[in-house]
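Student: With the hints as extra help, turn the sequences into a complete structure.
For the record, the sequence lines run as chains A and U.
Residues are numbered in the working numbering as their position in the first sequence, beginning at 1, plus a constant of 396.
Residues are numbered in the working numbering as their position in the second sequence, beginning at 1, plus a constant of 396.
By construction, these hints were calculated from the structure, which means they are not laboratory data.
Because identical chains share one entry, a pair is satisfied inside a single copy or across any pair of copies.
With a straight-line Cα cutoff of 27 Å, these simulated DSSO-like cross-link-like pairs (lysine-lysine) come out:
hint, residue 1, residue 2
1, Lys658, Lys626
2, Lys417, Lys407
3, Lys424, Lys580
4, Lys658, Lys621
5, Lys407, Lys498
6, Lys417, Lys563
7, Lys493, Lys540
8, Lys586, Lys424
As the structure is a computational prediction, the values presented were derived from the model and not from experiment.
2 protein chains.
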Amino acid sequence: MTATIGYLGPKGTFTKLAVDKTFNGEVKHSYSTIPACIDAVNNGEINIGVVPLENAIEGTVQLTVDYLVHQVRLPIMAEIVVPIQQHLLVHTSFTGKMADIKEVHSHSHAIAQCHQYIHQHLPNATLHFTSSTGKAAELISERKGEPVAAIGNQLAANIYRLHTIQKNIHDFPNNHTRFIVLSKQQELVKIAHPVQSEKTTLLITLPSDFAGALHQVLSAFAWRKMNLSKIESRPMKTGLGNYFFIIDVNQPYDEVLFPGVKAELEALGCQVTVLGTYPVYQLDHL
Amino acid sequence: MTATIGYLGPKGTFTKLAVDKTFNGEVKHSYSTIPACIDAVNNGEINIGVVPLENAIEGTVQLTVDYLVHQVRLPIMAEIVVPIQQHLLVHTSFTGKMADIKEVHSHSHAIAQCHQYIHQHLPNATLHFTSSTGKAAELISERKGEPVAAIGNQLAANIYRLHTIQKNIHDFPNNHTRFIVLSKQQELVKIAHPVQSEKTTLLITLPSDFAGALHQVLSAFAWRKMNLSKIESRPMKTGLGNYFFIIDVNQPYDEVLFPGVKAELEALGCQVTVLGTYPVYQLDHL
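Tutor: This is the structure we're talking about:
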């Protein structure tokens, strides 16, 4: 059986780039929103869904986390980490210099990520916002001979046959974006890259808002020397003043430490849900 | 002197709506990206900047926080919390029923926030993505007599003279968005609303990644019974494995408790920076 993979589209986005680099041979379907992709996995329409978890361009942590927490609980099967690399793309017919460029098109967050570069090297260009970086590349591909550019990734350059006039124009060199792979069928999730580390993501809700509650929660991990790589509080949607926490623990779920943490936290009145225990894959280049 | 306020535009966005409801009489300038708005405050081009801090549509926590932490340190003078209310908007010439609507236009995150509503009430509509909710409203205003709709807020409906065919179509009733007011000139920040609470935001960097480091940091707050309303870890841009924390403490900076926390954490090798101690304004309706 060939697995089907859904991803947050359209084509030419970082999500598509990550899916193409990670999976081979599966049938791929594009979805236009994060909830639509998650629903499709839940309904059995597709086997695997890939959505951004931390990515300032194609999605937000909040939307993915909130939908998983409040609407559809699907296990996280893997995490894919990729560097964000933004390039300046022009039509192949463009023969001018960088300073000649009059318009720069991209998603507003991609433009923001290249803010200082644009300020220094493209001071005469006006900024134009598109719904995605892929859309910007498409637009530039239709403007032969004009001094206009898009900001986007290598995949967008390839799809729309654009010339990369300058590589890596993003202001911060160590920007990464994280994707999660959701599925109910672990046996179908086949990733050929080496596993970089293993992680467990927990959802913890506190019984009430009180001084030191989080401190007590962290004690359960600290005295076991379980290292956390991420912690984030998010308000519950039920009203103001109620919070849940998403905690990433840098080790796989086991039969001793994690059940111990869970029992202690439940005794304190917390609810503990395992959102996934899964391998992390780091892609160095795209 | 009349203060000048910069905000993340374009017109018809939630940021503009929040600025209009919060400030009166000041001169207002729209900026197209978060870094451009923050730079303008830093350069003295404007007196006050308003940017989203937690908002799935017009910006991300990450972009604002990263720019403030890594590039331009400006004090936070106030926080504005507003409910997210999405409406279904049509041209005033539209006389059909909801089920007749063939196209829905909006920012992908706004469409995602109304995912279940669209699924139930607009099953025949195709989805079209725009760079902002304001842009979607503008587009619909130009399509007289056609069965097309935009998702956006009341301000967008007013500016583009659209008819609100259905109010509050967002799936989660308790979604809020938070904006921060940045300025070097406290005396110019005049907000007429009642203060809901006071808050202090700290940036804490850990000396290294070790089990229990965050637990130790939180001890300093816990034994003083200082309540935290938000905690978020973010990777430093200097490489993998280094983190900083943004912590919101539910009380104003004082001369005893905060200096005590700071001294203890510095003794542990942490760096502590006060990003702001400021009032919170909650707007109930827009």
